[in-house]
Structure formats: C-alpha cells, structure tokens
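Chains as they are written, first to last, in my numbering: chain A, 1 to 182; chain B, 1 to 182.
Hint data in this document are derived by calculation from the structure and do not stem from the laboratory.
Owing to the predicted nature of the structure, the values given are computational and were not obtained by experimental measurement.
Think of the CB as a built atom: it goes at the ideal place given N, C-alpha and C, for glycine as much as any other residue.
Treat the hints with care, since some could be wrong.
The calculated lysine to aspartate or glutamate pairs, modelled on EDC-like cross-linking and capped at a C-alpha distance of 20 Å, are [said to hold, decoys possible]: (1) A:K108 x A:E74; (2) A:K7 x A:E72; (3) A:K62 x B:D27; (4) B:K129 x A:D27; (5) B:K129 x A:E29; (6) B:K62 x A:E181; (7) A:K9 x A:E181; (8) A:K129 x B:E29; (9) A:K141 x A:E117; (10) B:K62 x B:D31; (11) B:K62 x B:D132; (12) A:K62 x A:D165; (13) A:K141 x A:D104; (14) A:K129 x B:E125; (15) B:K129 x B:E109; (16) A:K116 x A:D169; (17) A:K7 x A:E44; (18) B:K108 x B:D132.
A few chain A positions that, by computed beta-carbon distances, are all more than 12 Å from chain B [stated by the list, open to error]: (19) P84; (20) D96; (21) K108; (22) E109; (23) Q114; (24) R126; (25) K129; (26) D162.
This is what each chain is made of:
Protein chains: 2
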Amino acid sequence: MITRIEKSKAQQRAAEMMRQAGIQIGDHEIDLIEVVDFGLSHLETEGVQVFTMVSTQRIAAKVLVLFPNQTEPEHWHPQVGDDPGKQETVRHIWGDLRFYVAGDDNMKEGFIAQDKESAYTLRHERVLKPGDQLTFEPYEKHWFQAGPRGAVLYSFSTTVRDGLDGFTDPDIQRITVVKDED
Amino acid sequence: MITRIEKSKAQQRAAEMMRQAGIQIGDHEIDLIEVVDFGLSHLETEGVQVFTMVSTQRIAAKVLVLFPNQTEPEHWHPQVGDDPGKQETVRHIWGDLRFYVAGDDNMKEGFIAQDKESAYTLRHERVLKPGDQLTFEPYEKHWFQAGPRGAVLYSFSTTVRDGLDGFTDPDIQRITVVKDED
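In isolation and in its complexed conformation, chain A is listed as follows:
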C-alpha cells in the first residue's frame, strides 16, 4: 500500500529521472506513471516506476525507473492461454543497474534486502552499461536492482499481463493499492 501523496511524489521523481536520462515525457503524462510497491509497502526498498509508451494485445514498450538502491523483485512471465508468455528485452539507458539471472553466484555490487534471502534465489550478477541489453524468454526468472544513482531502462516486450506474473516472494501482490491519507 502507498498513499496518494507517496504516489504523486514518486511519479514526479521518476519523471525527473527520465528527463535527466534524455527520455521525453510530457507534463500530461506524469500522472500516467505507474508506481508499484508489489504490495510490500516499502516502495523505496522494493518497487518500480513504470511509464508505458505502448501496450496492445501484441506488444508493449515501457520505460522503467528505479530509485537509488531500489529493487524489482524476482519474477517470471508464464504462459497465459494461447500466449506462450511474455518475451522481454531490456536496454539500459542511464544510471547504475545490475540484473540477476540464472548462473553461478558472482554477486559483488548488489545486495539482498534484509530478511529476504529466500525471495531472491538468483545470484548471478550482470552489471549493465548504458546501451547494454538482455533478453528474457517466457519463464526465465530475473530480478534487478539500481545502484547509488538509480537507473532508467527500456522494456520492450510482447503483450503484458503483469497481474499474472510469477514471483518468488509469496507476499507479493502485483497490483498496488493506493490509499487516501488518514
């Protein structure tokens, strides 16, 4: 859960980071940035900000923003009916970004959030530079984390069904609840 004020501040901050990274976003589009806390209610630690440029029944193109040291939890994109599952390519644009994928444990720059060892099973670290990209096939687990400056990246994919993604952490709810202030 996040409050309306938290959401609004996160949208503004994400838009500023996008512009710093050279990505165009109109003032009228800032309200459309999705602020995702994965139902964990500690956005700054585990969360992501998503600006969707395109989303159809066939394709999606998004800009993802991570605040400094923010982590997007470990997940995968399963088959849904006739769709074999989301195929996704991420391309790093700006900032400090590392991905965790299948492979031997070579974790060096990143960290696992406190008491979350079991929610992050992948420890093979890929530190990306701007312009670097990675492709994930359906069911291929991954998670990613920003370093001290935060990160801005693209996600290009087949159709998106975020609500049906799989997560290692059983506490996660993909749909973020936004609450009015008390």
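We have chain A; now place chain B onto it with these hints.
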C-alpha cells in the same frame, strides 16, 4: 544504390543525431545502423536510417532517423501467412516531424518530392511534437517527413518483415544495394 562511403557517412550522421536527441548508442553499434534508400538512389530526398534495438519473431523496437527534409515513402504492412500484419506505434523524440495518414487534405508544412505526386496519395498532415505518438494497424497506409532539423523517433511494433511491406511507388525496392566505389 548507395556507395560504402555514403553508407558510412549516413551512419555517423544518424548516430550523432540520436545522441543529440538523448538516445544511447554505443560506438560499436554505429555500423549496425541500416541506411535505406528504397532503391531510389537519392538517399537525402527519400530514405531513412534505422537503428534496431530489438527484432524477434514477435516484436521489434527501433529508432528511426530522418535527415533534414528527408521523406520515408508511403507504405503499409500487409498480412504475411498466419501473422495478421505489423502493428506499429511511432513516438516522436526529437526534431521536426510530420506524418501523413488517411483523411482530408490539410497539408501545410510538408511537401511532395518533385515528379512524385502519384507515389504519395495521403495528404492528411499530423505535425508531431516530442512525446506525441501514433499507432498504425496492418494495411493502414502512412508516410512521414522531417522538417529543417531532421527527426528522431521510436518505432515499436510486432515482428518486422520489411522486405514484404507494400509501397505506393512501384519503383521502390526495400532492400538497399550497397556498392563499392568505382
């Protein structure tokens, strides 16, 4: 037909325009920019430069660069076998850009290349600002043109089969021939 030197110069110029627009491209990626003269052998008038970030059997994400006053000819994306045809969203990033789509003739900023009246049937002009975007369904004809500064834009789409696109101009060959200097 273009020469190797023309191709190399156009790649360098397109990369500089992308960077000016805030789009990351690595030095090792400049050689991968496709320079397309549509078989018309006057690249500066009718042509496009294409940097492909992603291209799979399901999706594609590209950056298109138009030099000042360069025009991408009128075309459409037909059905191919089981694929209902390319669905494409373009998003303007930087520079002066107008699209021509179905509708009444309101052409004001753009122009038709000399002796090419019959190759450009659409005259409904949409002048885009950075951040503006348009979506084209399969078979939906369109063409576009840069103004005095040139233009940089994204194209997000389902799978690309450029060689099978339809063009109004019967002289067009989508695959550009690159020739060594004499």
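Evaluated hints:
For the hint linking K108 of chain A to E74 of chain A, the alpha-carbon distance of about 18 Å falls within 20 Å, and the restraint holds. Note on K7 of chain A and E72 of chain A: the hinted pairing holds, with a Cα-Cα distance of about 17 Å set against a maximum of 20 Å. With a C-alpha separation of about 24 Å, the suggested pairing of K62 of chain A with D27 of chain B is violated against the 20 Å cut-off. Annotation: proposed proximity of K129 of chain B to D27 of chain A holds, straight-line Cα distance about 13 Å (limit 20 Å).
Restraint check for K129 of chain B and E29 of chain A: satisfied, since their Cα atoms lie roughly 14 Å apart, inside the 20 Å limit. Between K62 of chain B and E181 of chain A the CA atoms are separated by roughly 42 Å; this puts the pair beyond 20 Å, and the hint is violated. For the hint linking K9 of chain A to E181 of chain A, the alpha-carbon distance of about 14 Å falls within 20 Å, and the restraint holds. At roughly 14 Å between alpha-carbon atoms, K129 of chain A and E29 of chain B fall within 20 Å of each other, so this suggested pair holds.
Among the hinted pairs, K141 of chain A with E117 of chain A is consistent with the structure: their alpha-carbon atoms are about 16 Å apart, no more than 20 Å. As the CA atoms of K62 of chain B and D31 of chain B are separated by approximately 15 Å, the hinted pair is consistent with the 20 Å bound. The hinted pair formed by K62 of chain B and D132 of chain B meets the criterion: a straight-line CA distance of about 16 Å does not exceed 20 Å. A threshold of 20 Å between alpha carbons decides the hint, and for K62 of chain A with D165 of chain A the separation of about 16 Å falls inside it, so the pair holds.
Taken as a hint, the K141 of chain A and D104 of chain A pair is honoured in the structure, with Cα atoms around 14 Å apart against an allowance of 20 Å. For a cut-off of 20 Å, the pair hint linking K129 of chain A to E125 of chain B is broken: about 39 Å separates their Cα positions. Restraint check: the Cα-Cα separation between K129 of chain B and E109 of chain B comes to about 14 Å, which is no more than 20 Å; the hinted pair holds. Restraint check for K116 of chain A and D169 of chain A: the C-alpha separation of about 8 Å stays at or below 20 Å, so the hint holds.
Note on K7 of chain A and E44 of chain A: the hinted pairing holds, with a Cα-Cα distance of about 11 Å set against a maximum of 20 Å. A hinted pair counts as satisfied when its Cα atoms are at most 20 Å apart, and K108 of chain B with D132 of chain B qualifies at roughly 19 Å. With a cut of 12 Å on Cβ distances, P84 of chain A falls inside the contact zone with chain B, its closest approach being about 9 Å. For D96 of chain A, the non-interface assignment is confirmed: its Cβ lies about 15 Å from the closest Cβ of chain B, beyond the 12 Å cut-off.
For K108 of chain A, the shortest C-beta to C-beta distance to chain B comes to about 23 Å, beyond the 12 Å cut-off, and the non-interface label holds. Residue placement check: E109 of chain A keeps its beta carbon more than 12 Å from all beta carbons of chain B (closest about 20 Å). Distance check on Q114 of chain A: its Cβ is at least 34 Å (rounded) from any Cβ of chain B, clearing the 12 Å threshold; non-interface status holds. At roughly 16 Å from the closest C-beta of chain B, the C-beta of R126 of chain A stays outside 12 Å, upholding its exclusion from the interface.
For K129 of chain A, the shortest C-beta to C-beta distance to chain B comes to about 8 Å, within the 12 Å cut-off, and the non-interface label is violated. With a least CB separation of 17 Å from chain B, D162 of chain A remains clear of the 12 Å interface cut-off, as annotated.
Checked against the numbered hints given earlier, the structure breaks hints 3, 6, 14, 19 and 25 and satisfies all the rest.
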